[in-house]
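Chemist: Listed here are the chains, written in short residue letters.
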Amino acid sequence: DTEVTQTPKHLVMGMTNKKSLKCEQHMGHRAMYWYKQKAKKPPELMFVYSYEKLSINESVPSRFSPECPNSSLLNLHLHALQPEDSALYLCASSQEAGYSPLHFGNGTRLTVT
Amino acid sequence: QKEVEQNSGPLSVPEGAIASLNCTYSDRGSQSFFWYRQYSGKSPELIMFIYSNGDKEDGRFTAQLNKASQYVSLLIRDSQPSDSATYLCAVNMGVTSYDKVIFGPGTSLSVIP
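Top to bottom, those sequences are chains R and W.
Mapping of the first sequence onto the working numbering: residues -4 to 108, in sequence order.
Mapping of the second sequence onto the working numbering: residues 6 to 118, in sequence order.
For the record, the hints were derived by calculation from the structure and aren't laboratory data.
Do not rely on the hints blindly, as some may be mistaken.
Stated by the list, open to error - Computed, partial: chain R to chain W, Cβ under 8 angstroms:
no., residue
1, Met22
2, Pro37
3, Pro38
4, Val43
5, Ser45
6, Tyr46
7, Ser50
8, Pro78
9, Gly93
10, Pro96
11, Asn101
12, Gly102
Stated by the list, open to error - With a cut-off of at most 30 angstroms between alpha-carbon atoms, the simulated BS3-like pairs for lysine-lysine come out as follows:
no., chain 1, residue 1, chain 2, residue 2
13, R, Lys35, W, Lys47
14, R, Lys36, W, Lys7
15, W, Lys47, R, Lys4
16, R, Lys17, R, Lys33
17, R, Lys48, W, Lys47
18, W, Lys61, R, Lys13
19, R, Lys17, R, Lys48
20, W, Lys47, R, Lys14
21, W, Lys47, R, Lys17
22, R, Lys48, R, Lys13
23, R, Lys35, R, Lys13
24, R, Lys13, W, Lys72
25, R, Lys13, W, Lys47
26, R, Lys33, W, Lys47
27, W, Lys7, R, Lys35
28, R, Lys33, R, Lys48
29, R, Lys14, W, Lys61
30, R, Lys48, W, Lys61
Claimed, not checked - Below, a sample of chain W positions facing chain R; criterion: calculated Cβ distance under 8 angstroms:
no., residue
31, Leu93
32, Asp104
33, Gly111
34, Ser115
Bear in mind the structure is a predicted one, so any value in this text is a computation, not a measurement.
Quick reminder that beta carbons are idealized off the backbone N, C-alpha and C, glycines included.
Here chain R stands alone, though its shape is the one from the complex (with noise of 0.2 angstroms):
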């Protein structure tokens, strides 16, 4: 069992939708990540938090939108996706950011219309 949760698991949506993914952990974490991967690619990094705060963009579009509520939560907000953002979201946390080793969740498979 992974302890770092993604909802949903699959998520289809139209070019005009706002959506938003999910992602929590309880093992005490303080950075948590967002990585894009498609198919036959390695994870591409996105977003990492550390300690409740952005600390890496890597100058993803602005139609993605990161969110840290809490050290336990992470949220990607999208809105006016293009048909290319279609791809596997991960999420990660570990202890310390880049430092400790990243655990991932299950991830969110997206098909945008």
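Use these hints to put chain W onto chain R, whose structure you have.
Modeler: The following block gives chain W in isolation, referenced to the frame of chain R:
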């Protein structure tokens, strides 16, 4: 030069053999090195992490780190068909972007019974 590179696959080894996976990284300030296994359609699963030069063993897995050569490897002894997966090397970036954990392109391993 890409930040994290891995030996191109796919790599095929017979059951019971040693599989050797290699990774090089560009940032001399990197401090944390991780190996993940990813089965098709699943999220990455942590196998090993290493911080210091030398070898670190865990069961059938050995991680080797040489910071002077900017090289990290993973050896899998007594390879099993269940080890068939994509192996991802991940490295944190140096002092200026310490929180960033970047993945290499992955090496696909196939263990032939």
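Chemist: State for each hint whether it applies.
Modeler: Status of the hints after comparison with the structure:
1. Restraint check, methionine 22 of chain R versus chain W: the minimum CB separation of about 13 angstroms is more than 8 angstroms; hint violated.
2. For proline 37 of chain R, the shortest C-beta to C-beta distance to chain W is roughly 4 angstroms, which falls under 8 angstroms, so the interface hint holds.
3. Taking 8 angstroms as the C-beta cut-off, the interface hint given for proline 38 of chain R holds, the closest approach to chain W being about 5 angstroms.
4. Checking valine 43 of chain R against chain W by beta carbon gives a least distance of about 5 angstroms; that is within 8 angstroms, so the hint holds.
5. The criterion of a C-beta within 8 angstroms of any C-beta in chain W is met by serine 45 of chain R, whose closest approach is roughly 6 angstroms, and the hint holds.
6. The closest approach between the C-beta of tyrosine 46 of chain R and any C-beta of chain W is roughly 11 angstroms, which is over the 8 angstroms cut-off, so the hint fails.
7. Because the beta carbon of serine 50 of chain R sits about 5 angstroms from the nearest beta carbon in chain W, less than 8 angstroms, this interface hint is met.
8. For proline 78 of chain R, the shortest C-beta to C-beta distance to chain W is roughly 21 angstroms, which exceeds 8 angstroms, and the interface hint is violated.
9. Because the smallest distance between the Cβ of glycine 93 of chain R and any Cβ of chain W comes to about 4 angstroms, under 8 angstroms, the interface hint for this residue holds.
10. For proline 96 of chain R, the interface hint holds, since its Cβ comes within 8 angstroms of a Cβ in chain W; the closest pair sits about 5 angstroms apart.
11. Contact between asparagine 101 of chain R and chain W, as hinted, is supported at the beta carbon level, the nearest pair being about 5 angstroms apart and thus within 8 angstroms.
12. At its closest, the beta carbon of glycine 102 of chain R sits 5 angstroms from a beta carbon of chain W; the interface hint therefore holds under the 8 angstroms criterion.
13. Distance restraint check for lysine 35 of chain R and lysine 47 of chain W: the Cα-Cα separation of roughly 12 angstroms lies within the 30 angstroms cut-off, and the hinted pair is therefore satisfied.
14. Of the supplied pair hints, the one linking lysine 36 of chain R and lysine 7 of chain W holds, its CA atoms being roughly 14 angstroms apart against a limit of 30 angstroms.
15. A hinted pair counts as satisfied when its Cα atoms are at most 30 angstroms apart, and lysine 47 of chain W with lysine 4 of chain R qualifies at roughly 12 angstroms.
16. A C-alpha spacing of about 19 angstroms is found between lysine 17 of chain R and lysine 33 of chain R, which places the hinted pair at or below 30 angstroms, so the restraint holds.
17. Note on lysine 48 of chain R and lysine 47 of chain W: the hinted pairing holds, with a Cα-Cα distance of about 28 angstroms set against a maximum of 30 angstroms.
18. Simply put, lysine 61 of chain W and lysine 13 of chain R have alpha-carbon atoms about 46 angstroms apart, too far for the 30 angstroms limit, and the pair is violated.
19. Between lysine 17 of chain R and lysine 48 of chain R the alpha-carbon distance is near 17 angstroms, which keeps this suggested pair within the 30 angstroms criterion.
20. As the CA atoms of lysine 47 of chain W and lysine 14 of chain R are separated by approximately 23 angstroms, the hinted pair is consistent with the 30 angstroms bound.
21. About 18 angstroms separates the Cα atoms of lysine 47 of chain W and lysine 17 of chain R, which keeps this hinted pair within 30 angstroms; it holds.
22. Using a Cα cut-off of 30 angstroms, the hinted pair lysine 48 of chain R and lysine 13 of chain R holds, with the two alpha carbons roughly 24 angstroms apart.
23. Distance check on the hinted pair: lysine 35 of chain R and lysine 13 of chain R sit about 27 angstroms apart at the alpha-carbon level, within 30 angstroms; holds.
24. A C-alpha spacing of about 45 angstroms is found between lysine 13 of chain R and lysine 72 of chain W, which places the hinted pair above 30 angstroms, so the restraint is violated.
25. Under the criterion of a C-alpha separation no larger than 30 angstroms, the hint pairing lysine 13 of chain R with lysine 47 of chain W is consistent with the structure, at around 26 angstroms.
26. Taking the CA atoms of lysine 33 of chain R and lysine 47 of chain W, the gap is about 12 angstroms. The hint holds against a cut of 30 angstroms.
27. With a C-alpha separation of about 18 angstroms, the suggested pair lysine 7 of chain W and lysine 35 of chain R falls inside the 30 angstroms cut-off, and the hint holds.
28. In summary, the hint linking lysine 33 of chain R to lysine 48 of chain R is supported, as the alpha carbons are separated by about 27 angstroms, within the 30 angstroms threshold.
29. Restraint check for lysine 14 of chain R and lysine 61 of chain W: the C-alpha separation of about 43 angstroms exceeds 30 angstroms, so the hint is violated.
30. Distance restraint check for lysine 48 of chain R and lysine 61 of chain W: the Cα-Cα separation of roughly 33 angstroms exceeds the 30 angstroms cut-off, and the hinted pair is therefore not satisfied.
31. Against a cut-off of 8 angstroms between C-beta atoms, the interface hint on leucine 93 of chain W holds, since the closest Cβ of chain R lies about 6 angstroms away.
32. The beta carbon of aspartate 104 of chain W comes within 4 angstroms of a beta carbon in chain R, closer than 8 angstroms, and the hint placing it at the interface holds.
33. Satisfaction of the interface hint for glycine 111 of chain W is found here, the shortest Cβ-Cβ separation to chain R being roughly 5 angstroms, below the 8 angstroms cut-off.
34. The interface hint given for serine 115 of chain W is broken, as the beta carbon of that residue sits about 15 angstroms from the closest beta carbon of chain R, more than 8 angstroms.
Checked against the numbered hints listed earlier, the structure breaks hints 1, 6, 8, 18, 24, 29, 30, 34; every other hint is satisfied.
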